[in-house]
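Q: Sequence:
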Amino acid sequence: MTTFDQTINRVGFACKIQKSHDVAVKELNTSTTTIKWLTAQTKAKSEQRLWDLVKQNVSALYHQIQWVGALPHNQRMFRITSDLLPAYTHSDWLAFYFQPDMTNWLERNLLECGELARALDVRLSFHPGQFCVLASENPQVVENSISEFEYHADLARYMGYGKTFQDFKINVHIGGKQGPDGIKRAVRSLSREARNCLTIENDEFKWGLEHSLELVDTCALVLDIHHHWIRTGEYIEPDDSRILRVLDSWRGVRPVIHYSCSREDVLVDHDTATRPDIKELKGLGFTSTSLRAHSDYYWNHACNRWAMSHNDWADIMCESKQKNLASQKFCNTALV
DNA sequence: GAGGGTCAAGTCCGT
DNA sequence: ACGGACTTGACCCTC
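Whatever position you read off the first sequence (first residue = 1), add 1 for this note's numbering.
Note that these hints are calculated values from the structure, not bench results. Where hints are given, some of them may not hold.
[Unchecked claim] Simulated restraints, written as ranges between beta carbons of each label pair:
| hint | residue 1 | residue 2 | range |
| --- | --- | --- | --- |
| 1 | T233 | L285 | 12 to 20 Å |
| 2 | S310 | E113 | 14 to 22 Å |
| 3 | E281 | I36 | 39 to 47 Å |
Please read all numbers here as calculations on a predicted model, not as lab measurements. Just so you know, even glycine gets a beta-carbon here, dropped at the ideal spot from N, CA and C.
Full structure from sequences and hints, please.
A: The following block contains the structure:
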């Protein structure tokens, strides 16, 4: 049982609804602050600021879900920003977020967000940031990373998710020097809800698809097809045997893959009807780093066709600078 | 209002 | 050694 309709082939986008002429963006915007600023204020003032941010951000989340829920059914997928509750995992503000007034408020209001998402059939996820390194060789970093991951799991739980395997996705990279074994160790310390939500994504440099596949029995695997291309030069095809194993890791739930594209201002004169050839590009002096940066839009039609050919077996999370503007355009133009 | 420096945290690449 | 990149530039201060 899942919380979204699995017969829909979705294309989604991440974190932020980009301004366009017909959108009132203000109520859709989340805000944040810094630890430094909070620390410089009186307790009353910093707590007031955090309360204001919590209310603004949860309200923004509700409106974001509403907005995504009004899109065509096959575009109802959205990654929520990690900045929803600023400073949640900083030790100075832990108590603030666990006071009864706050937990009651979050329970009530985040549940409404979750219920709205389920009613509108919006598939939701999180992607904790670069500081969440569950497989770090530094035990302190692992401990902090588990807290960071559990913060996202708390949010999912408040929203009414985490109850069944992959009713909600919280995606991280393997990261760190411990690799897949480090992930297996860290998973033992995660809550049940966190384990239900955890997905692992292959990265461009250190831990690729062959490493994440070691975790097929641990959690669901997110295939990032652009990372895989950066790492190997290969445009992986839907009938590849490794994809069957990725599919297995989802245990019957419809998988999610990630799709991004090298920046258009890096590959300035590149033919938009031909997929970039990484060997050729490296011969011309392009570095992996320069090719991994995300484009504003999905400018390469050949890549788009290839990416869309994966939509039969997986939902496609778009990672591009122009967010919904790019994913909508991709969705509407990349016909297989 | 525009512009620039700054921001909790990890890890890697490229120069 | 240091800047940039990553799921995301936003925010605060000064002028």
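Q: Look at each hint and say if it fits the structure.
A: For each hint, the structure was consulted:
| no. | hint | in the structure |
| --- | --- | --- |
| 1 | T233 x L285: 12 to 20 Å | holds (19 Å) |
| 2 | S310 x E113: 14 to 22 Å | violated (38 Å) |
| 3 | E281 x I36: 39 to 47 Å | holds (45 Å) |
Violation of the numbered hints given earlier is confined to hint 2; every other hint is satisfied by the structure.
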